[in-house]
Amino acid sequence: MSQTSLLFIFIDSFIINNIVLMVFLGICPFLGVSGKLDTAFRMGVAVIFVLLVSSSMTYGLNLLLIKWHAEYLRIISYIVVIAATVQLVEMFIKKSSPGLFRALGIYLPLITTNCCVLGVAMFQTFREYNFAQSMVFSLGSGMGFTLALVIMAGIREQLNLADVPSIAKGTGIALMVAGILSMAFMGFAGLGTL
Amino acid sequence: MNETKARSDDMNVLLNGLWKENPVFVQVLGMCPTLAITNSVKNALAMGLSVIFVLVMSNALVAMVRKIVPKQVRIATYILIIATFVTMVDYIIKAVSIPLYKALGAFIALIVVNCIILGRAEAFASKNTVWKSILDGFGMGIGFTFALLCLGSVRELLGSGTLLGVNVLGSSFEPWVIFLLPSGGFLTLGAWLLLFGFWRERKMRIKADKEATS
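Chains A and B, in that order, are what the protein sequence lines are. Sequential numbering from 1 applies to the first sequence in the numbering used here. Sequential numbering from 195 applies to the second sequence in the numbering used here.
It should be emphasised that the hints constitute simulated quantities derived from the structure, not laboratory data. Fair warning: there could be bad hints in the mix.
Said to hold, decoys possible - According to the in silico footprint, chain B covers these stretches of chain A (three or more CB under 8 angstroms from chain B):
#	stretch
1	17-23
2	43-57
3	118-131
4	156-168
5	182-190
What the hints assert, rightly or not - Chain A side only, calculated, beta carbon under 10 angstroms to chain B, not exhaustive:
#	residue
6	Leu31
7	Gly32
8	Gly35
9	Ile66
10	Trp68
11	His69
12	Thr112
13	Leu175
14	Val177
Stated by the list, open to error - Within a straight-line C-alpha distance of at most 30 angstroms, the following computed DSS-like cross-link-like pairs (lysine-lysine) qualify:
#	chain 1	residue 1	chain 2	residue 2
15	B	Lys214	B	Lys261
16	A	Lys95	B	Lys265
17	A	Lys95	A	Lys169
18	B	Lys401	A	Lys169
19	A	Lys67	B	Lys288
20	B	Lys288	B	Lys236
21	A	Lys169	B	Lys404
Each residue gets a CB set at the ideal place from its N, CA and C atoms; glycine is no exception.
Model the full structure from these sequences, guided by the hints.
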């Protein structure tokens, strides 16, 4: 499979180089919001949505920056665009479906400081993806984020019932579980070379 | 009398970030760079120094403008200030060493969304004087670097048998490659947290014993 084909980019960002377990982006919500299966899934969906909108915006923005020879403004303008996008998405969801808005609650504004949004925008710029590739890449990354979050939440719900030593309670055991999960995801490493 | 008190206050602010409120081990903030770039001591050191620079500068500037900026737009202002300094660091590292720039990759840009920096701007620098904020930024930055070095040294030592590129464990040592891979990062940080948890519990137990005997 070619390195730049859409299918490869999708599988690569979804499972082979999972954005949470392999690239270490978005660890904060991964450890913070993964307590319950239900909220984890909702958070994931919100992130997919924001990723798709913000990465199409930053793609256009990058073209403008290159045209004006102002690449040094990249970090600043990206973060402003992402913050604005999150705000826009928030207003849009509030108007169009108040039910979903209530369900997402505090997680929506928190996505601004989720490093996987800025990370995906930076990666697609570094790798010089075209528009279709960027879209597929951000969809795959968002789904990968959701997958990791949901698996983690499932395990943590079980962990609540387990007898964990008192020194490992909380973050300690969560990190150990994440380490083992990450090891399991290494099994997908050969998938792209078929 | 007053002067010594002021000095010990400054010292407290500085040491707070280093140990009592260590951003990584106690507050569990800024996990992404902590895990991603600590596969060697050199990368960890470079990331630590960049974060110290951004933290001190942004804390100072935020403290300077804290009375001018209206409440509603303060977060946006802080992010712009932070992004400016991160861009500076980005270009400095590119000028100093291209291999280092490649190794750190997008994670330099991601210092912007490192929760430690925005957290300190909001929690400390927006309420304190410039001097105190600089001290706080420096202390937190050193604490962060300390945590990165803890992780980086373990991972480099076990993962490739070297420290700062110098072979330590001899040629007969078979490297544990898993420590250089992502899962090694999670496991190493987990192990450090267990160690600190054990230490804290033991300290509390000794204290409780003392109270019981007296």
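Here is how each hint holds up against the structure:
A count of 3 residues in the stretch 17-23 of chain A with a Cβ less than 8 angstroms from any Cβ of chain B is obtained; the coverage claim is therefore met, three being the minimum. Counting residues of the stretch 43-57 of chain A whose CB lies closer than 8 angstroms to any CB of chain B gives 0, which falls below the minimum of 3, so the coverage claim is violated. With a threshold of 8 angstroms between beta carbons, the proposed coverage of the stretch 118-131 of chain A by chain B holds, since 5 of its residues qualify and at least three are required. Interface restraint, the stretch 156-168 of chain A with chain B: holds (3 residues with C-beta to C-beta distance below 8 angstroms; minimum three).
Proximity of the stretch 182-190 of chain A to chain B, defined as three or more residues with a beta carbon under 8 angstroms from a beta carbon of that chain, is established by the 3 residues found. The beta carbon of Leu31 (chain A) comes within 7 angstroms of a beta carbon in chain B, closer than 10 angstroms, and the hint placing it at the interface holds. With its C-beta approaching chain B no nearer than about 9 angstroms, Gly32 (chain A) sits inside the 10 angstroms limit, and its interface hint holds. Taking 10 angstroms as the C-beta contact cut-off toward chain B, the hint placing Gly35 (chain A) at the interface is violated, the least distance being around 14 angstroms.
At about 16 angstroms, the closest approach between the beta carbon of Ile66 (chain A) and any beta carbon in chain B exceeds 10 angstroms, and the interface hint on this residue is violated. Restraint check, Trp68 (chain A) versus chain B: the minimum CB separation of about 16 angstroms is more than 10 angstroms; hint violated. For His69 (chain A), the interface hint is violated, the least distance from its beta-carbon to any beta-carbon of chain B being 15 angstroms, above 10 angstroms. The beta carbon of Thr112 (chain A) is positioned within 10 angstroms of a beta carbon in chain B (closest approach about 8 angstroms), and the interface hint is therefore held.
The beta carbon of Leu175 (chain A) is positioned within 10 angstroms of a beta carbon in chain B (closest approach about 3 angstroms), and the interface hint is therefore held. With a cut of 10 angstroms, the hint placing Val177 (chain A) at the interface with chain B holds, because the nearest CB-to-CB distance is about 8 angstroms. Only pairs whose Cα atoms come within 30 angstroms are accepted, and Lys214 (chain B) paired with Lys261 (chain B) is accepted, the gap being roughly 29 angstroms. Annotation: proposed proximity of Lys95 (chain A) to Lys265 (chain B) holds, straight-line Cα distance about 26 angstroms (limit 30 angstroms).
Restraint check: the Cα-Cα separation between Lys95 (chain A) and Lys169 (chain A) comes to about 41 angstroms, which exceeds 30 angstroms; the hinted pair is violated. Using a Cα cut-off of 30 angstroms, the hinted pair Lys401 (chain B) and Lys169 (chain A) holds, with the two alpha carbons roughly 21 angstroms apart. Annotation: proposed proximity of Lys67 (chain A) to Lys288 (chain B) holds, straight-line Cα distance about 22 angstroms (limit 30 angstroms). About 16 angstroms separates the Cα atoms of Lys288 (chain B) and Lys236 (chain B), which keeps this hinted pair within 30 angstroms; it holds.
For the hint linking Lys169 (chain A) to Lys404 (chain B), the alpha-carbon distance of about 26 angstroms falls within 30 angstroms, and the restraint holds.
In this structure, the hints that do not hold are numbers 2, 8, 9, 10, 11, 17, in rising order.
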